Every structure is written in C-alpha cells, then in structure tokens.
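S.K.: If you read the sequences in order, they're chains A and U. The first sequence finishes on residue 413 if you use our numbering, and the numbering steps up by one all the way, no holes. The second sequence finishes on residue 413 if you use our numbering, and the numbering steps up by one all the way, no holes.
For chains that are exact copies, the list does not tell them apart, and a pair is met inside one copy or across any two.
Here are the computed lysine-lysine pairs in the BS3-like style, where the Cα-Cα straight-line distance is at most 25 Å:
1) Lys-8 <-> Lys-306
2) Lys-293 <-> Lys-306
3) Lys-306 <-> Lys-11
4) Lys-238 <-> Lys-281
5) Lys-215 <-> Lys-306
6) Lys-281 <-> Lys-306
Hint data in this document are derived by calculation from the structure and do not stem from the laboratory. Just so it is clear, the structure is predicted and the values come from calculations on it, not from any experiment.
There are 2 protein chains.
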Amino acid sequence: MSIVEIFKAAKASSSALARANSNLKNSALEQIATQLESNVSAILRANAIDLENAVQNGVAAGLQDRLRLDEKRIASLASAVRLVISLPDPIGQNVDGMTLPNGLRLQQVRVPFGVVGVIYEARPNVTVDIAALALKSGNAVLLRGGSAAENTNRILVELIQAGLELVGLPKSSVQTVDPFGRQGAVEMMQARGFIDVLIPRGSASLIHAVVTESKVPVIETGDGVVHMFVDESADIEKAIPMIVNAKVQRPSVCNALETLLVHQSIAARALPLIATALEEKGVTIHGCEQTLKYVSGVAATDEDWKTEYYSLDLSVKVVPDLDHALGHIAQYSTHHTESIITENQSNSERFLQEVDSAVVMVNASTRFTDGGEFGFGAEVGISTQKLHARGPMGLRELTSTKWLVRGNGQVRD
Amino acid sequence: MSIVEIFKAAKASSSALARANSNLKNSALEQIATQLESNVSAILRANAIDLENAVQNGVAAGLQDRLRLDEKRIASLASAVRLVISLPDPIGQNVDGMTLPNGLRLQQVRVPFGVVGVIYEARPNVTVDIAALALKSGNAVLLRGGSAAENTNRILVELIQAGLELVGLPKSSVQTVDPFGRQGAVEMMQARGFIDVLIPRGSASLIHAVVTESKVPVIETGDGVVHMFVDESADIEKAIPMIVNAKVQRPSVCNALETLLVHQSIAARALPLIATALEEKGVTIHGCEQTLKYVSGVAATDEDWKTEYYSLDLSVKVVPDLDHALGHIAQYSTHHTESIITENQSNSERFLQEVDSAVVMVNASTRFTDGGEFGFGAEVGISTQKLHARGPMGLRELTSTKWLVRGNGQVRD
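Let's have the full structure, built from the sequences with the hints guiding it.
M.R.: Encoded structure:
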C-alpha cells in the first residue's frame, strides 16, 4: 500500500470505530491481549532481530533496555491492555448542555478525534499502550515508531490487527507507517484532512521538529526541566526522600528532577544532608557558587539551568526567597512539573497559583506526574502545551466534542 | 516599541491578569465600556478616516459596511463588553479531581492560556469583543486587525488600555501589532514562548495561511460549507422557513447555508415550493440534473459542492436516501454545521451520530451556530478543528487547565 492508501484506510476505519459501542471495543482489546499472550515466542523472535541490530549499530545500553522484551514484559503489555478495558469509555459522555429560550436543546458530547497519529522512539510498549488507548476512545491510529524497533513493532501491529478482525473491526484501525522510514513521519505531518491530531513522544529534538513543521494540529509532549524548591520552612527529614526519589528513581524520564532550588536560610543545614543522600546514589551536583560552599560538586554553568540531564546529575541553586525561586522557574522551566517542599500554607498556595506548569505540587515527588499514577491507565504522553490537554493524557484527552442541537423548526430573528 | 518588546510586554502582563480576581477584571471591563461611550466622537473621527480610505481603495460595499461605526454601533460595542461582565468567570473552576490511594490530592483547575493572539480582518467589533473575552478569561491579547480598520482599531485599543490603567491593570494586556503591517502577523506565527495560542478569523485564505504556517498552536475557525438535508419525512411547511432563514438571513457569514440536499421521494413536491420561497429573496439555485427538472436555476458544477458562496447562491442536489446525504456531507463538508429536516426519529438520531461536524442539528436553521445564540456572550470564533475547542468559542474555550497536587511527603515506589 502507498502511504496515502494507508491514510485513506485509517480515515475509513475511523467511522466504524466511532460507531463501535463499549462492548465491542472491549472485546477487541480482550482479543488483542490474548493475541499478545498466545504469541510470545513470535514476538521474542522479532525482538531478538531488533536487539541484534541494536548491538551491531552500537545503540546505548539504556536504549537497548527500553527496546528489550521478555516473557514478563510481554505479560505486562497484555495487562496494560486489560487495564484499558476496565476504564470507563469517554465516548458519548455529556460535557455540557442547555435549553435555549427559543426551545432549542443543546447537548455537547464527547466524540473520537477520528485518526490519531503518533510519532515515537524505539519503545515497543508505547505501540501497545497507544493502540489500546486509541481504540478504547474510538480512534483509528497511525504509528511511526523508532526504526530500531521496526521488527518488534511490525509483529505487535499484526497481532493487534488480528485481534481487531476477530471482533469484526477493520484491521486498518491500527496501522504502522514504519516501512516508509523517516518519510512516513514527514508525510504524517502534511496529512491535513486525514490525521486529526499528531502526538510526538520522545527526544526534545523529535518533538521540536514535529511541533514546528507539522501542518496537522499537534499536542506537544515531554521535555521536563523539572524543579523542586526547598522552602525556608521545609521539614528536612521529609524533604530528603522526596528529592532522592524525584532524582534517582528513574533519571531517564521526563518527570525526573533536574534542578533543586534551596532557600538560603535553610541551605547551610539542609544542603549537606541532601547532598550526602544524593551522593550515596551516585548523583553529581552542579552547584551555584553558594551551593558549593556547603557541598562538593562541579560549578553550574548557565547551560545547566536549561538542561534536562536524563542522568544522575542535578543542578542546585541557593535562592534568597520564594520570589526568586518563582522567578528562576518562570525563566527556565519547560512547564512540565514543579514541586515545593514547605510547611508554610501560604507559600504552598502561592506556589500552586503562580507556577505556570502542567502539574504543580506541594510536598510530593515530581515522579507522580504520570498517567498511570493519575489513574488514567496507560499514558499517551504528558502534554506541556496549553491547548487541548495539559499534563498526563489518558482516554479523555484523545477525544473531541461535538454539539447536538435538537429543534422543531426554529429560525433566527 | 519593537514587536519583540510588544510580545515581552504581553507575556509580562499575563501574570498580573492571571492573578486578577473576577471583581478586578469586571471593573476593568466596566471602565472600558465607559471609555467607549465617552469617546464616541473620537472613535467616529478615526473611523471616518478608515472609511474614506476604503472608498478611495475601492473596497467592496459589504466590507465597507462591516467597517463602519455609528453611534448605535458604538453603543452596542459597550453593551457587548457589559454582557461579558455578566458571564461567570471560568478561571479557578474545578474541572476534575481525585484523591489517590497514597493520599495525594489532585485538583484540575481552569487557568488562563497566558497570551492569546488573534489575526482578523477589518471588523472593529471583533477588536472589542475579543479584548473583552480575553480579559475576562485572564488572558493578555495581541491583535492584528485588517489594515483597512487600522485607525479605528488604534483608538479602540487606546480606549481599552485607558480602561485597564484606571483599575491598575497593565495597559500591555491588550496590544495591537497593526503598525507592523503584514509582518506583524508573520512574527506572531513565529512567536513560540510568547504566544500560547493563535486564532485566525476571516477569509478561508487567511485561515489556511495561519494554520499551515504558524509554529504557535492554532485554533482553526470559520469556513463553512454548510449543508441541510430535507429528509423523506420532512414537514415541508416547517422546512421552508428554516431553509430560507439559513440561506438569506445573513448570507455573508460562515453559518449560512450553502448546499441543500433533498430526498428524491419528496423532491417533486418540496423543491418547487422551496425554490419559490428562495427566489422571492433573490436566491440563485445551482442545481444538479434532477433538481433542474423541478425548478429553474443554473447547472451545478463539481466546484459548486465545495463552495462557500457568501452570497445569495445555493447548491441543490437530489439524493436517493439518507446514506447518500451522509456520503455527500462526508465528502464536501468543512465540518462546521449541518442540519437535517425530518420527522423521523431514527433518521435524526443517525444524522446526529454520524455527521462529523462541530454542530449537528435537527429541525433548526444553521444560523444558530453562534456564540451569542449559545449564550457565550461575544464570540471568539467558531472552531472547525477537533483539538481543544469545537464549535462556537466563548470564555471557557480561552482557558487551559493545570493540575494541583497536594501531598505530605509522598514518594513513588
């Protein structure tokens, strides 16, 4: 098939999906979960080819790990699909409604987008998560995964399509454009009229390219220069586990901590304790001049304040007060997640109000910004833009709305 | 000021607006209404210059009329501002919330976008409407109006700024980039980091240019190839006033009827009556072959089915059944508004379900797709995209959300 034929098939299948009721969609998901469980060895064979190529191409160990499937991970792919079955179906939900003085009855209801395009890197679990969420929300989906996962994604998409066909839904509801290579992504960005929304997931450069080049509406995701601020009144004993958790539990993801701001009046007491706990986990501190009076580390550069390390590095800055913390965040944040550690109610409320980020926290690890943690099931991504969706995106964020108007002959004066 | 200085000033003022409570925003709007009422002669002088230029430049009469202000129209600008005062403030409203098993309390609240950019054509009322809606929803706004209204818009923005300053809000909350000409619009489309959303209002070509070129997230508006379908079971007596109203009440706007589809089993009876009523109002029918067996008109071309006439022209097609009506709409609609005229409940529900447009109606004139009619007060525009907003956009559609998370030391396992 040509890529335009793929686009047309996606569009055609979106009508069937929009009409599918919850039972039918859930049956399809159950069949998909079963297909994954029944074809473990075939999936592993395909994955082994991708892993071998990755080794030969010198792909970094961390990326190889993200790419690798084993029996346990395949079982958790199936569990993720079954979790989506258990979530309420957003389609048809009432959003708003009113009766006008002239008797017109207005009803705003949730409807699927139609066709959702997702461009992402070599993580096979994303293929299954996105397909499950898209199907449950009545959308057809076009996938462009990283070429390093091409063989794994091909069999996953085949199994998903087999599950769809078993319940009578069109297999073109879930398609990959991977065979078209980079051109597949470029064509998706031009596909106005075929694709209703495009979601890039992955590196900052991938997301930047899609956001600036796409002619299809985009939801920008990811990219977290995430801050925590240790306020004057912070309980240091409580602060340390939150800071360590935010930095080291999974440093390679977007909700991991990148910059710690510390109120100067607590810095002498808190910083040595925080640094000891971080150093035990192998964290390197990039400190401002004042920070390095209290703890050892390398001198922070201007670039560090803008950097999402994805590693066991942490920028640390001592600030004179809450205003300066807010100012630093306003200047350097990517508007993903920020958290204040404080026992002062008015400071916490000011932080919640004034920080302009998708998720703003008080006394919690920034690692909680996650669709799974928020109870959305699998996650489409974390939106850092303000249009349409902000923060973790689940089923509801994969829907649009339409207005239904019921009259009996009304005309406008 | 350079245009970048204007962008920076808008961004700076957006923080003050985000913190402004409803009383302060309403006081600003009241001052703005008063400024408009107290400066009628100055507004008329500026408008007279624009009108004189329009005459000299041979601007079409319809556009001249949209540009013209008089005492009555200025009074209605002030009334529109006061109507916005009376609307509920969306900022701070709860959208969603839950407490997680680990005790984290999540709250999703409405927040302003920040800075909204609007690119529109020479209609001074849009300047005032948009400014009022943006301010009430806590947003700074950058305006690029049509150059034909430049003098009128300049004084309107000055009066709005005077109103803002009287209550202590920054005057840079509402600014125009008109002095930068076309380049102003181009710069706005590039202004990522300064402008959170860009809304084009106006001709199809203007909207197309913004949608495809902007690097800032866009809400697509307007452009209505609007359909009505006269079903087999339609009550012809009821149908005629709806069709006439939809076509002739204001043919130059996006919710006016462009294509009438008629079920073949009712065509012989209904079409002559419909045509007579339309001809009385000066409408020219562009009919399919079958249509022209029953009524006089010009032969419809393929192009006609795609055309938004903005005039007293109407494409008319006889279709064999509801399926063909749905198929024609799926092929040619711009997904703005479609209406079915029917007495058959199951056909009306199928039409509501299957037509993929922002507003889908049963037995109502398509002219009701309008923010004012929907009770939103003035209107930002009518979104024909599926991302973020769909259909008439009021205050709620000028907001984003953020998640507030309150914990007491939670870390992720």
